[in-house]
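*Asks:* Sequence:
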Amino acid sequence: MKKLFIALMCAAGVVSCSFGGGNGTENGEEGGNAGSIKADTTMDQLDEAGYSMKFTYFGDGSHTGTFVFTHKYYKKEDGTRLNAYRWDTIENDDHTVYIYFRNSESACTYYDEEWEDTDYYRTQQTLNNLNGDWIADSHELLSSYGFSKTGTEKILGLPCDVWSGTYEKGDHAWGVSTYGQMTAKDGNTGEFAVWNGLTLRTKVNGKVQSECTAFVMGVPDSAFDKTLDITWIK
Numbered sequence: 041m042k043k044l045f046i047a048l049m050c051a052a053g054v055v056s057c058s059f060g061g062g063n064g065t066e067n068g069e070e071g072g073n074a075g076s077i078k079a080d081t082t083m084d085q086l087d088e089a090g091y092s093m094k095f096t097y098f099g100d101g102s103h104t105g106t107f108v109f110t111h112k113y114y115k116k117e118d119g120t121r122l123n124a125y126r127w128d129t130i131e132n133d134d135h136t137v138y139i140y141f142r143n144s145e146s147a148c149t150y151y152d153e154e155w156e157d158t159d160y161y162r163t164q165q166t167l168n169n170l171n172g173d174w175i176a177d178s179h180e181l182l183s184s185y186g187f188s189k190t191g192t193e194k195i196l197g198l199p200c201d202v203w204s205g206t207y208e209k210g211d212h213a214w215g216v217s218t219y220g221q222m223t224a225k226d227g228n229t230g231e232f233a234v235w236n237g238l239t240l241r242t243k244v245n246g247k248v249q250s251e252c253t254a255f256v257m258g259v260p261d262s263a264f265d266k267t268l269d270i271t272w273i274k
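Taking this note's numbering, I'd label the letters of the sequence shown as residues 41 to 274.
By construction, these hints were calculated from the structure, which means they are not laboratory data.
Be a bit skeptical, because a hint or two may be false.
[Stated by the list, open to error] Straight-line C-alpha distance at most 25 angstroms; calculated DSS-like pairs for lysine-lysine:
| hint | residue 1 | residue 2 |
| --- | --- | --- |
| 1 | K266 | K115 |
| 2 | K266 | K116 |
| 3 | K243 | K266 |
| 4 | K209 | K194 |
| 5 | K189 | K247 |
| 6 | K225 | K266 |
| 7 | K194 | K116 |
| 8 | K189 | K243 |
| 9 | K225 | K209 |
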């Protein structure tokens with residue numbers, strides 16, 4: 041786990057978390073095969089129902105581990121809505137979790153087999169960095185560094201725009217850090233597939249680096265409790 045966590049953090053550039061609340065919307069029947077997600081599903085619809093994306097992460101061409109990103113507009117028992125985010129990284133029996141609630145500025149982390157309430161801003165920044173490096177669509181940024189749209193492809197039944205190119209800093213004063221090894225050095229070739237602002241796959245130098253293997257819409261509020269149970273996604 042520590043190897044995967046360190047690899048993700050290096051590539052990316054961190055509450056009392058049990059608030060009660062309801063069980064939310066149940067997963068679609070197809071579970072990890074996108075379930076009730078359709079090609080025209082909007083981000084607002086995903087946010088309201090809650091969504092979770094599970095990725096296989098590869099290091100140097102070999103299987104390294106798994107990470108899961110989960111987000112929902114979470115509703116407390118008193119009706120208060122919280123913007124909840126969660127990131128899990130898993131390798132063998134090791135599991136690290138970051139959770140934060142934007143509205144209440146509360147956060148917690150599971151690391152070294154212990155839950156701990158953590159500094160909100162540091163936890164938020166860590167999770168934002170991870171999300172920005174692996175999930176967020178970076179085509180506008182990378183279009184200035186040698187990448188262009190080269191086609192379309194369906195991943196988990198969702199129509200993705202595919203962008204590819206060779207990373208070059210060129211005349212830019214600064215390089216960029218996104219999609220892991222894709223932007224680690226000039227000359228690396230890369231490809232990424234995005235749907236609805238979300239990146240479902242990355243490739244570096246012809247090899248898959250990260251790939252979404254499950255994507256569900258409808259996440260229970262209990263996903264943001266202090267729990268290692270992530271059975272809302274298969």
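*Asks:* To test your reading of the hints: which numbers does this structure violate?
*Replies:* Checked against the structure, the hints that fail are numbers 3, 4, 6, 7, while the rest are satisfied.
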